[in-house]
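Peer 1: Since the structure of chain A is already known, use the hints to place chain B on it.
2 protein chains.
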Amino acid sequence: MDLVNIGILGLGTVGGGTAAVLSRNAEDITRRTGKTIQVTMAADKDPSKIEEFSQLGIKVVDDALAIVQDPEIDIVVELIGGYTIAKELVLEAIKKGKHVVTANKALIATSGNEIFAAAAEKNVTVAYEASVAGGIPVIKAIREGLAANKISSVAGIINGTGNFILTEMRDKGSDFADVLKQAQELGYAEADPTFDVEGIDAAHKLTILASIAFGIPLQFDKVYTQGISTVQIDDVNYAEELGYSIKHLGIAKKTETGIELRVHPTLLSKKELLANVNGVMNAVLTLGDAVGPTMYYGAGAGSEPTASAVVADIIDIARTINVTDTTSKVPALAFDINTLDSTDVKSIYNIDTAYYLRVSAMDRPGVMADITKVLGDHDISIEAMIQKEATNGDSNADIIILTTSTIESNMLDAISAIEELDTISGEVVMLRVENPDK
Amino acid sequence: MDLVNIGILGLGTVGGGTAAVLSRNAEDITRRTGKTIQVTMAADKDPSKIEEFSQLGIKVVDDALAIVQDPEIDIVVELIGGYTIAKELVLEAIKKGKHVVTANKALIATSGNEIFAAAAEKNVTVAYEASVAGGIPVIKAIREGLAANKISSVAGIINGTGNFILTEMRDKGSDFADVLKQAQELGYAEADPTFDVEGIDAAHKLTILASIAFGIPLQFDKVYTQGISTVQIDDVNYAEELGYSIKHLGIAKKTETGIELRVHPTLLSKKELLANVNGVMNAVLTLGDAVGPTMYYGAGAGSEPTASAVVADIIDIARTINVTDTTSKVPALAFDINTLDSTDVKSIYNIDTAYYLRVSAMDRPGVMADITKVLGDHDISIEAMIQKEATNGDSNADIIILTTSTIESNMLDAISAIEELDTISGEVVMLRVENPDK
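Residue numbers (our numbering), protein chains in the order written: chain A, 1 to 438; chain B, 1 to 438.
Please keep in mind that the hints were generated in silico from the structure rather than gathered at the bench.
There's no promise every hint is true.
Because identical chains share one entry, a pair is satisfied inside a single copy or across any pair of copies.
As the list claims (entries may be wrong) - In silico SDA-like cross-links for lysine to any residue, where the CA-CA straight-line distance does not exceed 25 Å:
| no. | residue 1 | residue 2 |
| --- | --- | --- |
| 1 | Lys270 | Lys438 |
| 2 | Lys35 | Pro217 |
| 3 | Lys271 | Gln182 |
| 4 | Lys254 | Asp363 |
| 5 | Lys254 | Arg24 |
| 6 | Lys254 | Glu92 |
| 7 | Lys271 | Lys438 |
| 8 | Lys95 | Glu27 |
| 9 | Lys172 | Ser405 |
| 10 | Lys270 | Asp171 |
| 11 | Lys35 | Asp336 |
| 12 | Lys35 | Thr326 |
| 13 | Lys87 | Asp413 |
| 14 | Lys150 | Ser303 |
| 15 | Lys438 | Gly258 |
| 16 | Lys35 | Ala118 |
| 17 | Lys438 | Arg24 |
| 18 | Lys270 | Ala118 |
| 19 | Lys35 | Thr324 |
| 20 | Lys222 | Glu408 |
| 21 | Lys438 | Ser303 |
| 22 | Lys270 | Lys388 |
| 23 | Lys122 | Asp325 |
| 24 | Lys438 | Ala20 |
| 25 | Lys181 | Thr40 |
Next comes chain A alone, as it looks inside the complex (with noise of 0.2 Å):
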C-alpha cells in the first residue's frame, strides 16, 4: 500500500490536533484513501513538545527548515502562522516539489498569488480550507460544490471571537469593553485582540472567499474593515427591538459597478438563519446564480475543527498524489491562474445599501420632520422610524432610522446635513443593513 509522508511544521493547537486526528482515524483514513498517511516528522522549538511527539514515534527537530528539505516528505504541513517564517518555508516547501498544506489566512491573503503562481510553476498542490471558518469545508464548496454557479455574493461570520462577544453583548446587556475582557478569561479572545475585533482577521478570510467565488486575484489591501470595537450596546438592543442582531459579517459582492469587499458590524433581519448564528459558531452564506442562497455552518477554530479541514486537505492530496496531469486537479483559486478577473474593487463610498441610523435629537417638535425632510432631499427612503422617549431627565432623544439602499456617499451627506440642524446633537450613529439570501 502507498504510504504518504507528512511533516508538520509547529506542535501548537492545530500541529496537535492534526497528529491526533491522523492516528485516532488512520483505518478509517485508509478505507477512503487506499493509502497509509503518516506524520513522519514534525518540527518545534518548544523542547516539551519535541519530547511530547517523539513519544508517538514522530521524528521531532527544531528546525522547521529540516522537513521542508528532507527528501521522504510528500506534505508539507504549515501550522506556524504569520507572514515571515511561514512564507519562506512554504516557498521552500514547493521549490522542492512538495505539496503544501496550511490553516495560514493571513499568509495566503497577503501573499497567496505568489505562493499559487510557485505551485503552478511547480505542478504542486497548496491548500488551505483549514484557512477560512475552521472545520467548515466552504473552500470545497465554493469551489467544487457550486463550481456551475456564477457567484454574486458571499456574506459570512467569519470570526468566532467577534460573535461571541456579539452574542454576550445582546444575550447579557453588557457593553464590549466588559465582554472582551471576559472572553480573554475565557480563552475565547487573545491578549492582544486587535486581529479579531478590529477585523483583520476576518478581512484574511473575506479575501480568499471572494478570490474563489469570482475568480479575482486575492486583494487583501483592498478590503474596507471596520471592527466591533465601536459597537454600543444601545444599538444592539435597538436592533433587537426592530428584529435585527448586529453581526460582525464579512462581504463580498459582485456588482455590475465593480466588487464590494468589506467587513463591517452588520444589522440582519432575524428572519435570516444567518442572524441566528450565534456564540463561537461560524457560517458562509453564498449567492450562486443556478442554486440561490446556500449556507455552511460550523466551528470556524479551534484544535480538532481546524485539524479536521488540515486532515480533509492532507486526504485530498494523498489521494491523487501519483496523477501527474495537473489539469484534472482543481486551481488553487478555482479557476486557472491566467484567467483571473480583473474586475475594480469598489471604494466604501459606493458601495450601495441600506443603513440604520441612530440620531440625538432634542425632545420637540418638529425634530423628525426635520430628519425626513433631508433624508428625502438625499432621495433617501425610510424602511422604519421610532423616537425612544428621553430618559432620566436628558433632554435628548434617539431617534432610530432604518433606510432602503442608497450609494454610502449619499449617506454620509446626508447624515453631515442632519448634523448640522439645530435639533440634533453630537455625531449620527450609521450602521450598514444587509439582506444577503437575497
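Peer 2: Coordinates of chain B only, in the frame set by chain A:
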C-alpha cells in the same frame, strides 16, 4: 482543448435546467476545468421537448438507449427518475464504459449497491450529488470535506414539501389537510403527495446520507419511516409554546448498540439552527468526532438548484476524465466498497431518544400524579409538564409532557400503562424529541 460530450436522458425540469446552466456558464466552466463541456445529445419522449432543444444545436432523440450506446458520449446524465428504465439505462451506460451523473435518489437508495459495484468493475464514476438536498453540496461535504472525521450522526430536513407544510401549519395555524391542498395548488406538492408526506422520499435520501457518513451499504428497506400526515395542529402549537418546532427529520446515528435509520416528525428546540430552517428549504446537520456539528443549507429541489448539483458532478468528472488511476478518485460510498461496515440497523423499538407526549385526561385532582407515577415506574424522567385548561365545556384537559431519553420500547410500555388509567381518555400522542447538534 479537450471536449467532453454530455448526453442528457430526460428533458424535464432538471434536464432543462442542466442544459441551461451548462450553456449560460460555459465560459466560466472552461476557466475552471480547462475543458469544453457540451450537451451533445439528449433524449425525451415529448415531441415539443425534442423540437425545443434541437433548436439549441443538441441532437435530441426519443430513444434514451441510443445515447447510452453512442460512442461519442463521455458522460450520461440520467434525469428520468424512477426505478425501472432508469436502472437499465444506468447499468447499460456503465457497461459501455461511460460515466454517469444522476439525480435519482430512489434509484441510488434501492439499487446503489449493485450500480456502484458495476461501476467499480468498469472503472467509471457514478455521481449523485443532486440526489440529496438538491443544490446543497452535502454529498461532497460529507465524503470529502469531513473525510477526517468519524461521523456519529446525520439529521436533515431533506424534503422541501414536508417542511413547507409544517412551516405553514405553524405560521397559519392550519390543519395538515388544508395546507397540503394549498401546497398542491402552489405546485409545491404533487397530485399524489405520498412520497413526500409519508417520508419515502426523505427515507431514500437518508439511506444515501447514512451510507456515506458511516461507510455502510445502502439499506433503504431498514429505514423506519413515519410521515407528517398524522401531525396535528394542536401538537404544533403546544410544541411552539414549549420553545420547539416540529420538523420532519431524517435521522441516522451510529451508536454502540447499532445504527439508527429513521424518518419521522421530530421536536427540535428553536435554539437549534436546524429548527429555524423554514419553508421549502433543506438543511443537513452532521456530527463529526473532530469537527463537531456542521450544517449545510439551501434549496432542496427546483430546476436550477438541482441542476447546480448535476453540473458540479459533471465538472468533477470532466476534470479527471483523462485520469485512469481509479484509486485517485473518491469512492462512490466514501469508503472502499470492499470495506463497508456491516453493523446492524436497530429496530425502532431499540432507539434511545427523548419524547413529547400529549395525554387527554379528566380535569380532576390526582391525574398528574397518576401519570408521573407510571413514568417513574418505567424509569422515565420528566423534563417539563404542562396542563392546559379544559375548554368549550370539554371535561378533558390536555397534559403535555417532555421526557428525558429512554429506549422506545420502554416508552411504549409506559404509554400503554397510561392509556389504561381510568382518568385518561383516548390514545396518547407520542412524538420524538432530538438534539442533533449534541
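Peer 1: Next step is simple, just say for each hint if it's right about the structure.
Peer 2: To see whether the hints hold, each was checked on the structure:
no. : hint             : in the structure
1   : Lys270 to Lys438 : both (14 Å within a copy, 23 Å between copies)
2   : Lys35 to Pro217  : between (34 Å within a copy, 22 Å between copies)
3   : Lys271 to Gln182 : between (29 Å within a copy, 23 Å between copies)
4   : Lys254 to Asp363 : neither (43 Å within a copy, 63 Å between copies)
5   : Lys254 to Arg24  : between (42 Å within a copy, 17 Å between copies)
6   : Lys254 to Glu92  : neither (35 Å within a copy, 44 Å between copies)
7   : Lys271 to Lys438 : both (12 Å within a copy, 24 Å between copies)
8   : Lys95 to Glu27   : neither (32 Å within a copy, 32 Å between copies)
9   : Lys172 to Ser405 : neither (31 Å within a copy, 31 Å between copies)
10  : Lys270 to Asp171 : both (14 Å within a copy, 16 Å between copies)
11  : Lys35 to Asp336  : between (29 Å within a copy, 11 Å between copies)
12  : Lys35 to Thr326  : both (20 Å within a copy, 13 Å between copies)
13  : Lys87 to Asp413  : neither (43 Å within a copy, 65 Å between copies)
14  : Lys150 to Ser303 : between (34 Å within a copy, 16 Å between copies)
15  : Lys438 to Gly258 : within (18 Å within a copy, 43 Å between copies)
16  : Lys35 to Ala118  : between (27 Å within a copy, 23 Å between copies)
17  : Lys438 to Arg24  : between (42 Å within a copy, 21 Å between copies)
18  : Lys270 to Ala118 : neither (44 Å within a copy, 49 Å between copies)
19  : Lys35 to Thr324  : both (17 Å within a copy, 17 Å between copies)
20  : Lys222 to Glu408 : within (17 Å within a copy, 58 Å between copies)
21  : Lys438 to Ser303 : between (34 Å within a copy, 18 Å between copies)
22  : Lys270 to Lys388 : within (21 Å within a copy, 30 Å between copies)
23  : Lys122 to Asp325 : both (12 Å within a copy, 21 Å between copies)
24  : Lys438 to Ala20  : between (41 Å within a copy, 22 Å between copies)
25  : Lys181 to Thr40  : neither (41 Å within a copy, 63 Å between copies)
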